[in-house]
Every structure is written in C-alpha cells, then in structure tokens.
Amino acid sequence: MLGEILENVRSRSPLIQNITNYVTANDCANITLACGASPTMSDGEEEAEEMGRLCDGLNINMGTLHPRSVKAMLLAGKSAGSCGHPIVLDPVGAGASTYRRETAEQLLREIPFTAIRGNVSEIKTIAGGKNRSRGVDADASDAVNSGNLEEAIRFAAEFSKRSGAVIAVSGAIDIVTDGTRTYIIRNGHPVMTRITGCGCMLSSLIAAYLAANPKRRLEAVAAAVISMGLCGEKAYEKMKKENSGNAGCRNHLIDEVYKLTGSELERGARYELR
Amino acid sequence: MLGEILENVRSRSPLIQNITNYVTANDCANITLACGASPTMSDGEEEAEEMGRLCDGLNINMGTLHPRSVKAMLLAGKSAGSCGHPIVLDPVGAGASTYRRETAEQLLREIPFTAIRGNVSEIKTIAGGKNRSRGVDADASDAVNSGNLEEAIRFAAEFSKRSGAVIAVSGAIDIVTDGTRTYIIRNGHPVMTRITGCGCMLSSLIAAYLAANPKRRLEAVAAAVISMGLCGEKAYEKMKKENSGNAGCRNHLIDEVYKLTGSELERGARYELR
Amino acid sequence: MLGEILENVRSRSPLIQNITNYVTANDCANITLACGASPTMSDGEEEAEEMGRLCDGLNINMGTLHPRSVKAMLLAGKSAGSCGHPIVLDPVGAGASTYRRETAEQLLREIPFTAIRGNVSEIKTIAGGKNRSRGVDADASDAVNSGNLEEAIRFAAEFSKRSGAVIAVSGAIDIVTDGTRTYIIRNGHPVMTRITGCGCMLSSLIAAYLAANPKRRLEAVAAAVISMGLCGEKAYEKMKKENSGNAGCRNHLIDEVYKLTGSELERGARYELR
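If you read the protein sequences in the order shown, they are chains C, E and R. Heads up, the first sequence is in the numbering used here, so the first residue is 1 and it goes up one at a time. Heads up, the second sequence is in the numbering used here, so the first residue is 1001 and it goes up one at a time. Heads up, the third sequence is in the numbering used here, so the first residue is 2001 and it goes up one at a time.
No lab work stands behind these hints: they were computed from the structure. Some hints here could point you the wrong way.
[To be verified] Each computed DSS-like pair below joins lysine-lysine, with the alpha-carbon atoms no more than 30 Å apart:
(1) Lys1234(E) <-> Lys259(C)
(2) Lys2238(R) <-> Lys2215(R)
(3) Lys78(C) <-> Lys238(C)
(4) Lys238(C) <-> Lys2238(R)
(5) Lys1071(E) <-> Lys1215(E)
(6) Lys2240(R) <-> Lys240(C)
(7) Lys234(C) <-> Lys2234(R)
(8) Lys234(C) <-> Lys1161(E)
(9) Lys241(C) <-> Lys2234(R)
(10) Lys234(C) <-> Lys1234(E)
(11) Lys2241(R) <-> Lys238(C)
(12) Lys241(C) <-> Lys1234(E)
(13) Lys1071(E) <-> Lys2071(R)
(14) Lys1234(E) <-> Lys1259(E)
(15) Lys2240(R) <-> Lys259(C)
The task is simple: from the sequences and hints, build the whole structure.
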C-alpha cells in the first residue's frame, strides 16, 4: 500500500502549489521534484486564486509570514478548497509570536485543510492548548516519548476530529491520525533536527502524496512521513560514511527521496497502525 | 569562438544585477560566481534605477512575482536600457496566471530586452500564441522535437525579429536565434528538468555572457546555453557514478560551470548553426 | 579560550533571530544549526519586536533590503537592545546604492550594535569614509594587505570606539577590534569569495558565538571569524581533493562548521593579538 502511494506520485506527477517561506523554498521545490511531482512556488495575492484552482494540491507554510503572503494563503486556500484539492498547513513557529498564532487561527477558520503537520509544540499551539514556543523548534517539555505517547495520540486524534484534517505530529516518534486510526512511526534520525527545513520539505511531500492519492488521505500522509523518515536514515548513513555534516546530509536527504522506490519504502517502514 | 566568449566572462568579471525569485536566488548567485561574474541580487524599487545603471548586465526573472518587484524590474530595466547594458528576460510561468502574462507583456513593452529565455510554452505565451501553461514546466504538447523543429525555429525567429531580442527556447533541443541565424543545440540531459532553477540559472549565465561580450549577442547567448547543457551532461555523469539524485546533481552542475574551460566548451558543444 | 567559546555555543544552543536576505537565508540557517545554535528567520514587522525580545541574539543583514524589512530590523533591534541581547549588523553592499547607505546610517543611529561585520568597502562606507562600492564585493582598491594593514587597523579601531561595537573587517587578512585590542587573523581561503553568502553566514555565526558568550564580546567575534576561515580552508582542501567547485565547497564549509571541535579550532587558528 505505501509503495503504491509513492508510485502514484511518480506516475501522476501532480502540480503542487507551495506558498511558503524564502528560507527553505529551494529545498521544498527540489524535494517536490524528487518525489515525482511538479512544484510552483508563487506567493503573490494577484495570482493566488488562479493558482489554487489550477494546482492538484496546495501547501501552505507559515515560515516567513507577512500580510501579503497571508492574503495569498487565504485566496489560494479558498479556491483550492472549493475545487476539492487537498490542502496542507505547516504552522511553522505558531507559538513563537502573537502574529503567528493569530494567523494560524485565521487560516484554520477559513480554509478546509486536508492535513496539518507540525512539531508537537506547533500542533499544541494551534489546537489551543499552548501559548508559547521557543522559536521554530519543539519545546523539550513537549517532546513525545514512550512515557507520554498515549496522551499525545489522544490529543492528536481529538484535534483531528475537531478540525477535520489528518494530523501529523513530527518528532522522535511521529504520529499520524485521522481521529479514528493512528500511525505511530519510528523512522527518522535526530540529525534531521540539525537540517533547516526538514519539516517544510515533509509538508511539501505530504501535499504531493495527497494530490496523487486523494481518496486515501490517512495513508498518503503516513506514507509521506515514513518516506521522509526513511530517507533521513539513509542520508545519515551516507553522511556518517563520508564524514560530512548537516549540509551534506540535506543533499543526501533529497537525493534519497529522488531514488526511493515503492518496495524500498515498504521494506524500510517502521510503524504500528492502531 | 565559444571558448573565447567564456574566457571573456572569466577575465572581465561583469557585475550582474539579478531581480529574481526567492526560490532559486542562491543557485543563481552561485552560478554567476561560478562562471566568473559577480552577482548582485537586490529587488528593492528604492535602488533599482541605480543598480540598473551601475551593473554591466541585468537579469529579470518572473519566478515569484509581486507588484513591488515588478516596479523594480521596470525601473532597473529602463535605466539599464538607457545605459546600453544587456538585459535578459526569463518569463517564468508566463502562461500560468493572468497576472504573469500581463506582467510579461508590460515588461516587453517597456524594456529593450537583449535576450529572452524560456521554455517553449513560456515563449509561446509571451509571443502571443498561447494562453495557458501548467505551472512552470513546458506543456508536453508544446515540446520541440525532430517532427516540429522547423516550425519552432520559424516561430522563434519571427518573435526575435518582432521583439528585437535574441530568443532562446529551452528544451530537449534548444533553439537560439536572432531572427537571421539560428543555433540548434543538442547538449543537456533530461535530469535537468528535475532540478529546480535550471532555467533561472541559465538566464543568469546568459546575462553574464552577454555583459562580457556585448557585441556578439547571438554567440554569447548560444555559448551560455551550450555551457549549461554541457555542464548538465557532466553533472549527470557524476550523479550516476556516485548514485546520488537531483540535489547532488544541482551541486555538480554549478561545480562544472566553475571548472569549465574554453577548450572543453569548444570540444563538448553539439550544435548546428543555420 | 577559542575552543571554550565554541563549546559554549554547542552546549547553550542560543536562539538566533536572523532578519536577512532571501539569497543566503538557507545557508545562514544551516550554518547556525551547524555551530549548535537554533535559528529563526522571520522578517515580519508584525512580530519583530516580540522576536527581538525572545531571542538570545539578533543578526541584521541588509542583503535584500526593502522598507518592510527595515521596519522589522528597527523594531527587533530596539527590543533586543533593550533586553541586552547581542546584535550584529551586516551592512551588505552598503555603498552600492543611496538607499543602502542611508539605511545603514539609520540602523547605526537607532540600534545599539554589539558587532558590525563587513568587507572593507562596506565598513568604510558606513564609517563615513567612502561613497561608492561596486556591488557587494570589496573594491580592489580597498583591499587590506601587508602594505596598508596598520592603517586599516587604526581605521577599524577608531570606528569601534566611535560606534561602541566590535568591528570585524573581512578580507584576505581579517581584522577584529574593540578599539583597544585587535585580532589580526590569517585563516581563510580565496575560494570563499566565489561562494555567495560567506559573509552572511559568518555574521550569523558571530551572532551565535556572541549570544553564547555575552561577556567576552571581542573574543566571541574573533572566534567566529577564525572558525569560518579555518572551515573555509578545510572545505577548500575537500573541494580540491574531489575536484568539485564552489557549490561543493559551500556544502563542505557548512559541514566543517558542523564538525569543528574546540581543540581543532585552537590548533588551526592563525592570528596575532595586539
């Protein structure tokens, strides 16, 4: 099933509109190409409605937020939504400032998101349970571990039911839930926290996987999360072997997505489905 | 002749002002440095007129368009034009939205472009023959192949005469024409369609080659197109040998431009001049 | 001492707010992660005051300047300053346009900078001794060499006393001075002038080193400059060995910062302290 989801991305090559930040836009575009989809990256409000309609999937990323891009997000989100295209929200640093938290709330009210992906602090913030993060990283006190996993799953499932979106919580253990069924995913490597944009890239992947598999929302999001984690593991192995660092690892990560096959994804996946 | 054109870039080190998108700006700056030129990348309308005057060549790229950057393009284009500096237009995704098409039309009316480079769908759109593209990639139905090559050459030559600019149509076969003479170029590799910004980077190269060779417009554009294609071939060989992917290939592509010598360019060029 | 300064960055992991340009933002974020700090990169005026307060250090980079980002710089700079957080200014291309020169002057008037880093032409411009640069590179006529080193040191020390900031002048020979004591640093490699953003990345490093070592301002800036130069040398060796180019070298540079240990920094440092 996971393999088929990836192969659909490669064969259908969906057009993914990313309204994203200027820090990781290049990596997001290259990972979108790596998985077999085709990226557009414009954030102009002048064309947002049209782009939302024309794309096969939309990814909204709050990384470097300003009022013009928020207008573009709202216009593109509404037109993509009215066309039934899948829409992903990445609420980068949602708890880092009042502006971010309020923008996330507005986006959630006005756009019918298909999936929401963030670290645990970001997801807690937008779900209403938290007021403050430190920058764009998850707070150590929020980290999902074996001790609080059950609580985190309940929390994510509840937020999924309330928002209508598949919720993906990234961390040492990833949680992907549609409120009823939950993937608990153990792929990935800590080095990914030292590469800027791993979360942004994953959200682009999720949009691509969803656009190519619109009827299997939960599975598509889980397959994207597993792909990213698995490719992170492979990239780390290469980095270690060649004795490079986080820049080398970033390149390997995108390269591994480029090369990933459906059967490798099936074999490398480490998850539990409840 | 091709080799001399490249060597002039390396020895004269022209200052190239890029008003471009935030997705591929870093790669554009690095490839400008790789070929021996010096990039500036500001898109502020507050300084556009001054930058257009001070630079040796100007590259205008429509990747992530917004009204402020369009003002900067117009101001810089007019001042660069009045100083006789070569100006390149890259009409990224010109057919993807009404805003893009109208902006491209305005730029064409108000700025005396020396060269225009795009994929076949972009060039068709701005030449008035086409209303819609899918994102930023060329439509499959537009692709230049051996069956429609003659028609594509006639079309590009006619647009060159009408616009006064050298026209470069990128694709599996590249066409570079000044309306009278035409280079038909067969360098390059399909992997380049899986690397974001290959077109943007090429347009930066074209601006650098033109600025260092202002009296040989057609040859300078052709030499840049051939350099990019040849370096793409070399980068693909490295990528294949090391079993990497599109991120690795992107780095190799810039590295190959960094290392390319005039004699390698002469030897590796595969083109026909009519 | 140098080694301890680096180790403090790794152990304290300061949060560094970068208001910077879209050309090199990704590299700045990755090098901030590479040295052990945590980057935020937002340039929205809506959240600038809050981010300036919450961060441990602020880096203001004038690369792609526009009125909204200048407002963000002023708001963040004032709030970071009132909290006593270290603030770095990178006056990219300060002499390249009137807008840049005037913006640099305004920033200097309104923000209590801890350190200012630029090439010699940029520093001369903002210190009032120069009106014009060619793009973002230093003018050849300004280059610091053994013949004019004493004069350059006097000039930088005088500007440090006048501005109250540690001054770092980047070039073949780097100068770091607090007006009383001066580091003359001979690490680095000429290839770094062919990689876009080496200056920007260094300014991000300086902010991280300062934030983790707030009471040793001069030493922290010098340690960052030496780290960058030393990692540039190592990156060049790798580039030469693998026969790559400036893109490969950029990745190695960040990787070397990722791997650099305190004892390697001590051993590799080449400087004189007066």
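Here is what the structure says about each hint:
no., hint, in the structure
1, Lys1234(E) <-> Lys259(C), "holds, 19 Å"
2, Lys2238(R) <-> Lys2215(R), "violated, 35 Å"
3, Lys78(C) <-> Lys238(C), "violated, 42 Å"
4, Lys238(C) <-> Lys2238(R), "holds, 16 Å"
5, Lys1071(E) <-> Lys1215(E), "holds, 29 Å"
6, Lys2240(R) <-> Lys240(C), "holds, 21 Å"
7, Lys234(C) <-> Lys2234(R), "holds, 25 Å"
8, Lys234(C) <-> Lys1161(E), "violated, 53 Å"
9, Lys241(C) <-> Lys2234(R), "holds, 18 Å"
10, Lys234(C) <-> Lys1234(E), "holds, 25 Å"
11, Lys2241(R) <-> Lys238(C), "holds, 18 Å"
12, Lys241(C) <-> Lys1234(E), "holds, 25 Å"
13, Lys1071(E) <-> Lys2071(R), "holds, 20 Å"
14, Lys1234(E) <-> Lys1259(E), "holds, 11 Å"
15, Lys2240(R) <-> Lys259(C), "holds, 28 Å"
Of the numbered hints given earlier, the model fails hints 2, 3 and 8; all others are met.
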